[in-house]
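Asks: This is what each chain is made of:
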Amino acid sequence: MYGKGLKPLSIATTAALAVSFSLVFFYAPLDADQGFVQKIFYVHVPLSIVALLGFVAGGVFAILHLRSGDSRWDAWSYVSIHISVIFGVAVLVTGAIWAKASWGHWWVWDEPTLVSFLIVFLMYATYYPFRYAIEDRERQARYASVFAVSAGAFVPLNFIAVRMAESLVHPRTFATANGGLPGEMMLTFLACLAAIALLWTTLVKFELTAKSASGQVKRLRRALDAPAPGGSSRVAPEVS
Amino acid sequence: MPALPLDEAGKYVAGAYVVFLVLVVVYVAIMATKLQRIERELRELAGFVEHRANGDQVATDREQVSADV
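So the sequence lines, in the order shown, correspond to chains W and Y. The first sequence runs 1 to 240 under this note's numbering. The second sequence runs 241 to 309 under this note's numbering.
Next up, chain W with everything else stripped away, as it sits in the complex (with noise of 0.2 Å):
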């Protein structure tokens, strides 16, 4: 079920980041004041972007699992969160990177919008071991909607914080007072940001169907009372 569609979805998201990323380095122009180092910036901030609303995402689906009872919603948040903490993997190593090559250091610990990305990031990370610390899957699920709401309605806040919050040294890129973008670098970070939400949504795709096929053969294992192959302890959501 969750596997149709999923091949000319991944050709759109190979397509649209190969065509994203040659705008990246053909098209758009090198910033007057970072030069080639603000290339990172069409990678990092829509995967900065893209992490943040899959962390909401899964807030969503979660309220979905909590007010309708049914698994898949709990299985979508999962994925939609687990995916966006591969994704802050990402941000956080693209973001060090740049950061040293901008500001000469790979983190600075005074600058709100690096440590609140990364409470954020922790956050969820704790969201595996509180998960799989519950054995019985109804509870796991509920408790894990439970969290993924709670920590959802957090990232939202936590932006409008950070905006609030006097910066440093980090840009604010899209600020209205000192003008955005300029045309064609707009066009060229829309385009990446339109790739990297593509390859968020294949790759929760993927994960789900590899989840759903997985949970059919535990199903038939279990309607056949087949032996099971050494099975892992770990209780990950069921898709059926």
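For the record, the hints were derived by calculation from the structure and aren't laboratory data. Where hints are given, some of them may not hold.
[To be verified] Only pairs whose alpha carbons sit at most 20 Å apart, straight line, appear in this in silico DMTMM-like list of lysine to aspartate or glutamate:
1) W:LYS100 x W:GLU111
2) W:LYS100 x Y:GLU248
3) W:LYS100 x W:ASP33
4) W:LYS218 x W:ASP136
5) W:LYS205 x W:ASP70
6) W:LYS218 x W:ASP70
7) Y:LYS251 x W:GLU111
8) Y:LYS251 x W:ASP33
9) W:LYS100 x W:ASP31
10) W:LYS100 x W:ASP110
11) W:LYS218 x Y:GLU279
12) W:LYS7 x Y:GLU279
13) W:LYS100 x Y:ASP247
14) W:LYS4 x Y:GLU279
15) W:LYS218 x W:GLU111
16) W:LYS218 x Y:GLU281
17) W:LYS205 x Y:GLU279
18) W:LYS218 x W:GLU138
19) W:LYS218 x Y:GLU290
20) W:LYS218 x Y:GLU284
21) Y:LYS274 x Y:GLU284
Since chain W is already given, all that's left is putting chain Y on it; use the hints.
Replies: Same frame as chain W, but now just chain Y:
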């Protein structure tokens, strides 16, 4: 801070894009391994079902033979 020269900035930009691509490739490789495991389990289950169906058939044949005798 002045912009880094291209030769120095290049390694940082390459590093950032390589990290992104490596993460995606590693994730896809892990998922491919999981899918291979699922495929193997499905093959095992298919073999189990066939084996059981054959066993049932043999048992039915035996019952048939003993009933005839």
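Asks: Could you check the structure against the hints above and give me the numbers of any it violates, in ascending order?
Replies: 7 and 15
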